[in-house]
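Q: Chains as they are written, first to last, in my numbering: chain A, 1 to 340; chain B, 1 to 340; chain C, 1 to 340; chain D, 1 to 340.
These are computed hints drawn from the structure, not numbers from a lab.
Mixed in with the good hints there might be a few duds.
Calculated cross-link-like contacts (lysine to aspartate or glutamate; reagent style EDC-like; alpha-carbon spacing at most 20 Å) [unchecked claim]: (1) B:Lys-98 - B:Asp-45; (2) C:Lys-98 - C:Glu-169; (3) D:Lys-138 - A:Asp-278; (4) C:Lys-138 - C:Glu-190; (5) B:Lys-98 - B:Glu-190; (6) C:Lys-138 - B:Asp-278; (7) A:Lys-138 - D:Asp-142; (8) C:Lys-98 - C:Glu-82; (9) A:Lys-98 - A:Glu-112.
There are 4 protein chains.
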Amino acid sequence: MSPTLRVGVVGVGLMGADHAHRLAARIAGASLAAVADPDVERAADLAEELGGVTVHADPLDLVAADDVDAVLLASPGAVHEEQLLACIGRGLPVLCEKPLTMDSASSLRVIEAERAGGRPLVQVGFMRRFDPEYAHLKAVLDSGRMGRTLLLHQTHRNLSVPNPAFRSEMIVRDSLVHEVDCARWLLGEEIVSIQVLGPRPTRHALAGVLDPQVAIFQMASGAVVTNEVFVNSRTGYEVRVEAVGEDGSAVIGRPSSGVYTTSSDPDGGAGAWGGPIDPDYRVRFERAYDLEVQAWVDACRRGERVGPTSWDGYASTVVCTAGMESLTSGRAVDVDLVAG
Amino acid sequence: MSPTLRVGVVGVGLMGADHAHRLAARIAGASLAAVADPDVERAADLAEELGGVTVHADPLDLVAADDVDAVLLASPGAVHEEQLLACIGRGLPVLCEKPLTMDSASSLRVIEAERAGGRPLVQVGFMRRFDPEYAHLKAVLDSGRMGRTLLLHQTHRNLSVPNPAFRSEMIVRDSLVHEVDCARWLLGEEIVSIQVLGPRPTRHALAGVLDPQVAIFQMASGAVVTNEVFVNSRTGYEVRVEAVGEDGSAVIGRPSSGVYTTSSDPDGGAGAWGGPIDPDYRVRFERAYDLEVQAWVDACRRGERVGPTSWDGYASTVVCTAGMESLTSGRAVDVDLVAG
Amino acid sequence: MSPTLRVGVVGVGLMGADHAHRLAARIAGASLAAVADPDVERAADLAEELGGVTVHADPLDLVAADDVDAVLLASPGAVHEEQLLACIGRGLPVLCEKPLTMDSASSLRVIEAERAGGRPLVQVGFMRRFDPEYAHLKAVLDSGRMGRTLLLHQTHRNLSVPNPAFRSEMIVRDSLVHEVDCARWLLGEEIVSIQVLGPRPTRHALAGVLDPQVAIFQMASGAVVTNEVFVNSRTGYEVRVEAVGEDGSAVIGRPSSGVYTTSSDPDGGAGAWGGPIDPDYRVRFERAYDLEVQAWVDACRRGERVGPTSWDGYASTVVCTAGMESLTSGRAVDVDLVAG
Amino acid sequence: MSPTLRVGVVGVGLMGADHAHRLAARIAGASLAAVADPDVERAADLAEELGGVTVHADPLDLVAADDVDAVLLASPGAVHEEQLLACIGRGLPVLCEKPLTMDSASSLRVIEAERAGGRPLVQVGFMRRFDPEYAHLKAVLDSGRMGRTLLLHQTHRNLSVPNPAFRSEMIVRDSLVHEVDCARWLLGEEIVSIQVLGPRPTRHALAGVLDPQVAIFQMASGAVVTNEVFVNSRTGYEVRVEAVGEDGSAVIGRPSSGVYTTSSDPDGGAGAWGGPIDPDYRVRFERAYDLEVQAWVDACRRGERVGPTSWDGYASTVVCTAGMESLTSGRAVDVDLVAG
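Next comes chain A alone, as it looks inside the complex (with noise of 0.2 Å):
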């Protein structure tokens, strides 16, 4: 094992700035070595925060940095393709929130960069995969114990867009993405249709905006996925999935987790039990970030490379742009990925 991975962060908005708090706290064998932000006052109080950390303008300049080790993007989609080639040129490892890229065509530049450059850099950050609860179900799945999978039934559930730009396609975007993801992953296949339908929306959307959403998924082995994106449930943030089989089921995501109480009434009436639902993604999945980092972190360290690659990246970005078509007419769109 290789001393200290020193990390530079490009990009310290809210996941970025998330991200360097944990390398510089509950990572192992890491250290958070550099920040960079074209908001340079913003990286700098971060850095102030953290102590002990170089501040960058240009993230170029960071992933040029001599004392940069390994970098984690968490900047923009727009400006993933030039700042990945950059670490691939240097041949960085890099762990690149999602997308990958914006389309498909910036992905398979990425991907033939780091293909030309002998040896894999890329981890996609779809973190779902180190979820303790995901893993269990990739686990029963590949254990075949309950036969061929069938069918998944995923649901995905925010409480509320408040941004006024918010526009139909960017549920397909930026949340079934990861169910584009998971499927691909649980199932260990590619999608080779998508299907998305628009329901009559919640009083909750803005105007004009399809929310909720239902998409189906056809499997190249014939398995169907069925998907809910609700970003507006006002419910909060719920991520389930069924996983159907040919000799059983399994579910994980249930809000039924952890502590449950019972309640009274203030009015005197009878109570009720239950429990909190988280209310986002950082949340529920702070220990699925965690443990992504520190396993980014100690396949960097052996010299390894795990995780979601950038043949995932590029593969969400094909299915999630046919899907933003089926979005319109509703019909099924068919999925061509290059030969990978």
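Dock chains B, C and D against the given chain A, drawing on the hints supplied.
A: Using the frame of chain A, we list chains B, C and D on its own:
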């Protein structure tokens, strides 16, 4: 309230015999007056077991008998039309097991005869509407506390189908039909299109039979209903619904109800927690059948009618006919109901 | 099977009126023939509502009436002895709400009269034995698959007790008595000592009333039963049991059964999952009461007897008397039953 | 924050080796500097596996070493006093696995030495306080939304105890001790008396060993705590708590968390729903141990102290000593703590 209702049961196969026992032992205000079945021996055995029951070989004789106030039809669907018309002709209330009839034209003839008679007489045996959990869910939806209902996710699994004559269409006609009725009833609106997908089948299915199936209903309001029907699930009888509204969701049918146990591992390792799954619909819906028949008897004695109507029987037949058509193409098929 | 059983109900308070409605509308093979209550107006109103029911001011007149085949006693415990002896004297089967009588001496006199009459006539109204969950638990324990039962943990909570005359002893006599019967029935053995502890009371208890209480039963075999009884829990009616055996455990009464919902937070934060708690025993045990009375009617018509006996009524009275004694000292008190 | 904390681990049996791996691979800000164990070969093997770790045969040499900033004691309880006094003498922070020491007199000597040194140095390894579910429960109780806590019901089951030298007292000293600490911590007050009952033992217990046991704690405020401890439950590792307050209750540790499956019956009947039970404390509390050690390392680097103190270690020893006395009589024994 009129005196004890004298009921005749037509058809004493599994379901009819169950109803005969129910009327004889568990229903207030009714007596089992007569049974009819072309298999006279079977009918006679049952009559002898229960005592004081007249036996008819010809169901139409039972319908014409003086000592029968109301008829429960548990005969095969193919003979329902004739028997229903006979009951309506005599002005007898009738509880008819599903399907009302085998096609939409015959169902419309029943509706027409009932209308011509001037008063509603037919209750169709969609017993789930009387199940306490379904009734509770319906009350939650109708209360408005979840806002409008936007989505239903329905699951319907049977343990196994040993019948060698079983065909894919029978999943739609005999199993999915319950989901059709529940969707219409829970949402209070008609289905406007249905799409049925056949994923790669379980190895437990007969050759050529598509099992499981996934069906999508589009409702008149724009609500969407996803359905899984799986008749060789090998796990048991599982019927669940999740309703998703603008301000919350509601689930019934989770198998976690009832006795919950921990058990030891015969091999000395750690054990498991959990409980049994119901083997079949007669166990799961025993109470629903009791409540359905009691409600029917009570309504008959008051000269009233409750529960699913002949229109509900007709509509479910039309939807399932469209579903069987969709099963071959995988594409959505519009549902055309005559003006109600 | 004899013809319809004509039942007289003695006492038409909350419980008696419930039973009268049950006999009139939900029980097969029985009719409500007569009601008796010192409050004649209340009895007459009920008789008029239900129709065709004779009214008696004096319960002993009802017991003596020609048109009564069996008696359901829902009068106060203090008058049970006289009424039970009258029923036994006439050879009438009787379903007697608990307590059998108010003390052990009078209970023994009832047992003695019943024995002198040569056939068992009394069923005591411990309705939980007919609850499907309790019956299922009993079947699991009796199956032997959990080995010997070593421990029971029983929980019994009521929403609130508004009665200003309420005293600590009433928790033992009226609430804990159900746990006494369940422990004896589930384990199939007698209680040999009882210890009742009064923790610091809830602020919702009346001054001087010990609520909640914790009771420990030692069974003849050495099994131990812990009990929580809490009559001002403010959460609703919660009745649970966990049985712990040598090879597993079993739990009933978890409030997680039935409809399960997620709901939004009125303040816009993350919501909650859960469901309602039953308000009172009439809701929780409605089905148990139906099944209890149906089983009683069926047994009467067959000339048989089922369910808890007068001995069970006597034994529970003796245990609760010892429990009330323990309540003042906190020490274990031996239970002395006469030879059975 | 100081630089990386160099930790020495004393005792490399099951628990110590776990901690050594944890410090080497999962804890930020710490390094494993040294291990000590009288079984030098075992210590040397572990050091070689982890790399860069000094080996000491004598734990006191490790405590005296220049390159050790803090000590984690996972040695047998009988040698804790000497090792703790050595750490305190050198001013080293120490995380001491329970028990603090074997009796109250030696625990008081440790407390005295720590006080004489002028700053707190000892954290006792009651890891449950760091478990997310326990921490959540503690937060609910401290929030006051359930009013005062009146009762705790604690359950603690182990799969089996194969040790032929096992005796009844060890259930109190090694298992119940966790319930003692949790009751004191959750309720924020001392235990004033303890009563331990030994029901008829499971047939899986060694001859003469009382298993399961039921213990009752009376708290200073009058709150009551019931405990089941069962070390040959055959079901697995089950740790649950229910807290009952004036306005609600809260439960943690229900085995229903995590993946939930349905499975088929090998004999072709209906299957079951449920999930696995954890095999042992290392699985159930793995995350608690990680969080405990991370919190200890963080506190050491800040020059602070967190978690259970030497007083908590002393108090739990005194309560368990009283509990072992009660085990022989079944009567309540008062707990006498010196003035704190």
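Q: Could you check the structure against the hints above and give me the numbers of any it violates, in ascending order?
A: Result: hints 1, 7 break, sorted rising.
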